[in-house]
Amino acid sequence: MRILVVEDSNRLRESIVLALRRSGYAIDATGDGREGLEMAEDHPYDAAILDIMLPSLDGVTILKTLRAAGNRTPVMFLTAKDAVSDRVAGLRSGADDYLVKPFALEELLARVEALCRRGYQKAASDTTLADLTLDSTAKTATRAGVALDLTAREFALLEYLMLRAGQIVTRTQIEEHIYDDLVSPMSNVVDSAVYALRKKIAVSEDSLPLIHTRRGQGYVMEARPA
Amino acid sequence: MRSIKQRLMLWLLAGLAVLWCATGAGIYFSVRHSLYQSIDTALALDARLARFTAIGDSDSDDGAARGRGQRLHDRLADYHDPQGRSFYQVWNAQGDVSERSESLGDATLPKLEISGNDPVFSSTMLADGRAVRLMSFRTVAATGGGPKGKGKGRYAAASNLIALAKETAELESTLASLLGGIGIAGLLAAAGTFFLVTMALRHGLRPLKTLSEQTRNIDAPSLNARFDAAHAPAELQPIYEALNELLHRLEQGFERERRFSADLAHEMRTPVAELKMLGEVALKWPDQTDPELPAHTLAIASQLENLIEALLTLARLESGETALQLTTVDLRALCHDCLQPCAEKVEAKQLDLQLRSELDISMETDARLLRIILSNLLTNAVEYAPASTRIEIELDPDCITIANAAPDLTQEDLPHLFDRFWRAEKSRSNSAHSGLGLALARQAASAIGCRLDASLSGRVLSFTLKKR
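Residue numbers (this note's numbering), protein chains in the order written: chain H, 1 to 226; chain Z, 1 to 468.
Chain Z with its partners taken away, still in its complex shape (with noise of 0.2 Å):
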């Protein structure tokens, strides 16, 4: 079950109905009881006196023991009530019924064993179909023969068996109509329950709707609206955090590709001018044609081509859609390759390229990112160390250092190094470069598990490639 709601609906919904139900029952039940007990304490009592007036004085003579046993009869016919809801049976020692009540009509009260003094309690139904509540004992009269003769002795040792019954109709239908009521009170708790459940539900479930609205309510334009967190409800707060967090994320990611396509514009704008103007001032002036016109257009060309190839370079490696091959990789060698198509710049600057590092060094990885990431540190450090300084690049199986001087670079430029498009001079006259370059080593670097970073320590900048 995904929904909340319905799984608090059926915890709640299931739990209440087992409690109702087990306090119906415990009612009920305990109702019964009392009244059963009631009977039976009614019964005990009656049963009792009879007792009581069947024993009687142990020592009394023959007449007074046979007006006992006539005490016994009146006692039991009292019991007989007008409304013959009572019942009484009384066995003498032979087992012959002696006594019986009017009230039991046709119907006998059954004989129960009985071994003890204690009485025994029974519901019992009889022939013609009346419940009753029975209660059995024997009257044990005087213990012993005496020496008072037979007549004595018949009723010393008369051991009566007595049975008296009360009809539980009256009891039963109390029972009935509580079984009734309870079954009503349930039913409208039922209902009443399952009403209040859903109101609760709807109304504690509310927040989440809320949020989801408010949620569906974001798009790109409006990522710098946040939640209200501090109104929200305490079990909310960490989602409306976590989510303003996300938002947060979120903004500062669009604004950077904000800015990126800005920057990419802007980038792409000088060019496509260049083009446009050297075709138009060709067309409005025909006679007079640049011979120069084929090269320049080239140039640009090219250009506009190695931008565009920065660029999807940029987007497989930052989507990680480049699959790695790995090769072993001669860093001497691949250092050289890359410093080859900047070899006359380095001439024309007089720099002092000091390569430290062991004869034979090696490095497990994908050549063409790192020949992406090497080229582009030290096309850099050429381009931009002033003339007659020393580049040092340092080789380790473990970490690349490529340093030069940068007079012109401050401890602020540093964060900006590896944006896209950032460059220290602000203005594209050196429209060689598409200041793609660092942004692409570095996401080159991360692509063969390595980081890259830049540091400034007394006006040389120094590149570290280091495997993470």
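Same shape as in the complex, but just chain H (with noise of 0.2 Å):
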């Protein structure tokens, strides 16, 4: 999941990046607002979080450009302003939640998942394809009930695929999704994270292989014979 954090104080930016990128996310984060819609325009991001009071644009007027053009991220207003007005007018320019300085560590981890979730039209935290189940809040996967031993980025993977099981998913797509700028891929990189993550999910000698490769398409995700 790659989420676009747009907040002008810089010690809270970097605590919120922190957090997020160690609870598995891949983060873009900026303190300037017309720089934050740049990048909302130019990344599909599968969440944005935004300030309202922000250098030189403003995050209702990010906000209302974004839906104007069409683009349908889910978009929490993280904010100082906590009065009723502030948070209608905050929710009625598009956004889908909104959250009010200082806020609990952990309410903002929730909320983020539950805007992640509603990008692809899910409504619990858990996820199951064949055996195997993925735990989104605790953040842990299960095949046939053996708990999977998997990094930050593996179990990010491992969602992403997930929750768009059935679908083909481009090696760019994943990129994008999972990686964020400071990595800055190789293309092998896709492809040595889904090699270590079919290793790991295949628990034992009939576990039925989940990830599957389209050659010169990318991956599918779905429970079928090979």
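Hints listed in this document are in silico derivations from the structure and should not be mistaken for laboratory results.
This structure is a prediction, so every number in the text was calculated from the model and none was measured.
You may find that some hints are simply not true.
[Stated by the list, open to error] Within a straight-line C-alpha distance of at most 25 Å, the following computed DSS-like cross-link-like pairs (lysine-lysine) qualify:
no., chain 1, residue 1, chain 2, residue 2
1, Z, Lys-284, H, Lys-139
2, H, Lys-200, H, Lys-139
3, H, Lys-139, H, Lys-122
4, H, Lys-139, H, Lys-199
5, Z, Lys-276, H, Lys-139
6, Z, Lys-209, Z, Lys-5
Two chains, two frames, some hints: make the complex.
See below:
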């Protein structure tokens, strides 16, 4: 899951980015409104966190511009403005969520998670495919009752593939959603990550292969014999 | 007496009472006067008849004179009325009683000494207690002695003193019943007046009661309400208008305070959110703690400290609690002091600082407050002046001017410059500034009896501190 964070307080932005990265999200962050808008227009983010009062361009304007251009990225406002009128105005301008500073880290993470789910029309935090179950909240995955030992990025990759189960996912899409600008992935990074993930989810000899390669297109995750 | 109602009541009732008493007394005395007048007129008429009868023709002979004496007697006898309310008594020239009416009984009429011809009236009491109106006069017979002899002379010289009297009991009882009538009417009038005055005052003062009830219903959330001055009585119009103006000012003041509280909450939320996030991230991933965490925490704490310090100073200045400590302040030295903390920034931005003043310039003022003003103005100038521009500082005993280029500021921004938490840039990314600096500076300026104003001309923002 790749998330855009636009927040002008440096310390707060860095903390949020740190917390989200450690939770397995790929993060792009900026403290400038105009730059934030450009980033949101350039990349298909799974969710965006916007401050309202920003230098050069305020959060509400960014959101309105995005929505006017048909961008449906789930957006959450993160702001110190807590008046009911502010919340209403924020939500009416097209935001999916509104969080007032100061906030609890767990609440921020839960809300970001819910925002990401919304992008994939998912109602609960559990995702299941055959005997593989994934809990987005606890960040755990189990296969046939066996807990999988995954890194944050492997989990994010598995989550992304499972959320788009049955659909072909290209390498570019994986790059865009799992890796942020800081990583600058080479094309074989995705392949090796998928290879490592395949090995980890094959918990036993008779485990059904779930991640399939579509030559020249990408990967598709589904429960069918190879 | 503090009640308008009581005061009006007192004045009205006292005034009306005096008026009523005067009217009653006026009626009583005029009626009494006219009643006595009519008795006197009747007495005078009788007297004239009696005198006429007594004098007769001066040329008449003795027989005629004797006849006239008889006629006077008859006339006076006529005067005696059957009810016994009229009296007469005649004294002859020798002063002896020659005639008296039977109605007098044992009593006698007082003999009044009369010098001239004019009759004398008096009210008197008979020995038996009957009140009478008395008229005494002399019948002047033929003047001077004539050649007709002794007898004639006796009549001619007969200057009888006649006293006519009428009982006044009836008149007095009329007057007494009139007095009773007036008294009863007066009492009724007093009661009626009291009732009317009370009602009139209650009705007349009702708008005041309405006003007080309306005023009582006003509280902080309903400050936008206004009194309906258009339908108020003319006397209360100025009060209603003044109250409406007061409400308007209060509403503005409250609005300002509300905005300030909201701004303050907003201002404190970001640093608190930063602290909270730093702490929570450190707790959630204890093995990956950021080595800069203590530095960040300290910076946030200092920022909050500055904010609170500025707020307290502002509150003290606004409440007028600060006592001035006047000293002679060396303005050049103070300027240098205030610029010291921004020296690095001046260097980094390559700002051209121009200080124009006489070498020895001082001001008699509170050094601490002046430092707040200058320090805020200079820090602002250094902070917001674009790189490689000039900051001009002009010191004069009566006027201090600090000017710097401000390419992004507009005329519309000027009135807000001194608002608490107002920033030209709507974001809070530059958290080193509380947004209270200029508000503080202006408040401090007024505390030391100066005015701090901002003006913008040709993209140059200048602050002037002038003595009021």
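Pair hint Lys-139/H and Lys-199/H, alpha-carbon separation not exceeding 25 Å: 19 Å, holds
25 Å limit on alpha-carbon distance, applied to hinted pair Lys-284/Z and Lys-139/H: 14 Å, holds
Satisfaction of hint between Lys-139/H and Lys-276/Z, Cα-Cα up to 25 Å: Roughly 23 Å between the alpha carbons, so the hint for Lys-276/Z and Lys-139/H holds.
Given hint Lys-5/Z paired with Lys-209/Z - CA-CA distance at most 25 Å: Holds, because 12 Å separates the two Cα atoms, which is no more than 25 Å.
25 Å Cα cutoff - pair Lys-200/H, Lys-139/H: Satisfied, since the Cα-Cα distance of roughly 15 Å is no more than 25 Å.
Lys-139/H paired with Lys-122/H [C-alpha distance capped at 25 Å]: Cα-Cα ~16 Å, so holds.
Consistency with the previously given hints is maintained throughout, with no hint failing.
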